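Since chain A is already given, all that's left is putting chain B on it; use the hints.
Residue strings, one per chain:
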Amino acid sequence: MPEITPEQVAHLARLSRLALSEDELVALAGELDVILGAVAQIGEVAAADVPATSHAVPLVNVTRPDVVVASLSRDAVLAGAPSAEDGRFRVPRILDDEA
Amino acid sequence: MSELTRLTAVQTAEAISSRQSSAVEVAQAHLDRIAEVDGQVHAFLHVDTEGALAQARRVDAGELTGPLAGVPLALKDVFCTKGVPTTVGSKILEGWRPPYDATVTSRLKAAGIVVLGKTNMDEFAMGSSTEHSAYGPSRNPWDLTRIPGGSGGGSSAAIASWQAPLAIGTDTGGSIRQPAAVTGTVGVKPTYGAVSRYGLVAFSSSLDQGGPCARTVLDAALLHEVMAGHDPRDSTSIDAPVPPVVEAARQADVRGMRIGVVKELSGDGYEVGVQERFDEAVELLTSLGATVTEVSCPHFAYALPAYYLIAPSEASSNLARFDAVRYGLRVGDDGVNSLEEVMALTRAQGFGQEVKRRIILGTYALSSGYYDAYYGQAQKVRTLITRDFQAAFAVVDVLVSPAAPTVAFPLGAKLDDPLAMYRQDLATIPSNLYGGPAMSVPCGLSEGLPVGLQVMAPTMQDDRLYRVGAALEAAYVDRWGGPLMSLAPTLPTLES
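As you go down the protein sequences, you meet chains A and B in turn. For the first sequence, our numbering assigns the number 1 to the initial residue and increments by one for each residue that follows. For the second sequence, our numbering assigns the number 1 to the initial residue and increments by one for each residue that follows.
For reference, chain A alone in the conformation it holds in the complex (with noise of 0.2 Å):
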């Protein structure tokens, strides 16, 4: 059975961009390892030659005719933006300063 510690679910936060608090980390490590605990039991399953199913559909590569359609103008989208300016998204700092 798996053990979750503060410091793993750390970093799964920072790979998932989730500024969690300290008490955060802390109750998610308890509530993971009970999860997995529960959810482990899938090995018991046999499956090593069985083939995995990602999706319900069997499709493969749906095309359709490459013909232009009207789409979203660009006032309509930046409507919804938390922040635009010049017609663009508006966005915090992307490189370090001496960058």
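Simulated from the structure, these hints should not be mistaken for lab results. Among the hints, erroneous ones may be present.
Negatives, chain B to chain A, calculated, CB over 10 Å [claimed, not checked]:
| id | residue |
| --- | --- |
| 1 | V24 |
| 2 | D279 |
| 3 | L284 |
| 4 | T293 |
| 5 | R330 |
| 6 | K356 |
| 7 | G376 |
| 8 | T490 |
Part of the chain B face toward chain A, derived, beta carbon under 7 Å [as the list claims (entries may be wrong)]:
| id | residue |
| --- | --- |
| 9 | S206 |
| 10 | P232 |
| 11 | Q377 |
| 12 | R382 |
To spell it out: a stretch of chain B is covered by chain A in this simulated footprint if at least three of its residues, at any positions, have a beta carbon under 8 Å from a beta carbon of chain A; those stretches are [as the list claims (entries may be wrong)]:
| id | stretch |
| --- | --- |
| 13 | 94-101 |
| 14 | 105-117 |
| 15 | 337-347 |
| 16 | 398-409 |
None of the values given here were measured: they were computed from a predicted structure. Here a beta-carbon is modelled for each residue, glycine too, at the ideal position from N, C-alpha and C.
Chain B only, in chain A's frame:
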């Protein structure tokens, strides 16, 4: 309460098309009902009074026609509605007004259906009680101290409290069927791919499926027909005719049908009262001319663990789109914090505990070193569950089980125990993993609270659900003197 709110969708449409009532009158009666009771039920997150009345006027002007023209509907807040708030029960999308309609929304509008508003749900459809909504829980009209099911508890509560004759939900692991079961209403998860997911905010893309909620089987069938059908904007949409669900609901005939009772969906975890009502319903189906046998689906025991690896894995990927850049909340943009810091602060504040829990769980299950043991193994188990269904459908036409293992539980009872909450989906998850259609139809009361029977069918044989559901419903109408909802207690109305 206006008598107009007691009608079925079929009766409502007839009253409007025969000019006994106008669509505006019908819409107003339901808006009045919402004002009267939704302070207690909390089915709606947003009521679109202006939009509803405008659509009703178009029906009255003869601009929109069809079998459900003018019938009011409550839409789960997971479908995009142009210019009308869409939150998915989350603070991260609070105040967001989509710039486009989901395909389902467009189809409703074109059919003349009057969308009254958007219904409450567990945040991102993750839950079985609506208690994970960032906007507070909905309440079960049969007992306001109990849950209305989830995630689509707002939709089930709306129709069970006569605020709308029709509603729409989405079902990833049971979010249409379990709410239907615990509110005494009808809920259908169509075949995966039958209803377009375009404009449906994604939770677990390989499992999510929109479907109808109603107080009668025929009403659900009529809505099913409006919603379903191929959509080139959803690459997983099935390009085939919609099965004859309305015809099947009108036939309501199970004579000669082979029905299999799933051995693994009973016993441990299922309440005695639920099991008793289910067993009686099976006897009733036999008396109606069906042949009932027991069927074993050995891998169903692993459906719940497989689901709680697959769905969080897909969610952890899908919810990456909430990046504080293109829509929704942004926190900590102070000119000092980097983009990455703003993302992390926004997501930590915008997502609730259950959503965070599932993102972390999914990220773990997809991590290198754990992928094969968790996500990879879960996908193989999914194959084995599909094979169980295929083997069963070689000998029977449909499978049946209780839809939910318990009646509606008190608010708060399972909130601190995620595993106990997850077990609400014991019986519903197998159909999601397989992709086949399934329905919950009322089969009586236990301790004064509704119990649902689940019918499961092979993919694209959705009509079989409606044959069984409608036959059972007709038999019960004789016994109860009306649909189960006719036994529902009268809701105390708000003193204003």
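For each hint, the structure was consulted:
1. Consistency note on B/V24: stated as away from chain A, and its beta-carbon is indeed over 10 Å from all of that chain's, at 30 Å minimum.
2. Residue-level check passed: B/D279 sits 28 Å from the nearest beta carbon of chain A, beyond 10 Å.
3. With a least beta-carbon separation of about 31 Å from chain A, B/L284 lies farther than 10 Å from that chain, consistent with its non-interface assignment.
4. Every CB of chain A is more than 10 Å from the CB of B/T293 (nearest about 25 Å), matching its label as outside the interface.
5. A beta-carbon of chain A is positioned within 10 Å of the beta-carbon of B/R330; the least distance is around 4 Å.
6. At roughly 6 Å from the closest C-beta of chain A, the C-beta of B/K356 falls inside 10 Å, breaking its exclusion from the interface.
7. At the 10 Å boundary, the C-beta of B/G376 falls inside the reach of chain A, the nearest C-beta of that chain being 6 Å off.
8. Non-interface status of B/T490 relative to chain A is upheld: no Cβ of that chain comes within 10 Å, the nearest being about 41 Å off.
9. With 7 Å as the threshold, the beta carbon of B/S206 comes within range of chain A, its nearest partner Cβ sitting at about 5 Å, so the hint holds.
10. Look at B/P232: its Cβ gets to within about 5 Å of chain A, closer than 7 Å, so that hint holds up.
11. A cut of 7 Å between beta carbons decides the hint on B/Q377: the least distance to chain A is about 5 Å, and the hint holds.
12. Annotation: interface hint on B/R382 holds; nearest CB of chain A at approximately 4 Å, less than 7 Å.
13. With 5 residues having a beta carbon nearer than 8 Å to a beta carbon of chain A, the stretch 94-101 of chain B meets the requirement of three or more and the stated coverage holds.
14. For a cut-off of 8 Å, the count of residues in the stretch 105-117 of chain B with a CB near a CB of chain A stands at 0, and the three-residue condition is violated.
15. Given as covered by chain A, the stretch 337-347 of chain B passes the check, having 10 residues with a CB less than 8 Å from a CB of that chain where 3 are the minimum.
16. Only when three residues or more bring their CB closer than 8 Å to a CB of chain A does the claim for the stretch 398-409 of chain B stand; here the count is 0, and the claim is violated.
Of the numbered hints listed earlier, those contradicted by the structure are 5, 6, 7, 14, 16.
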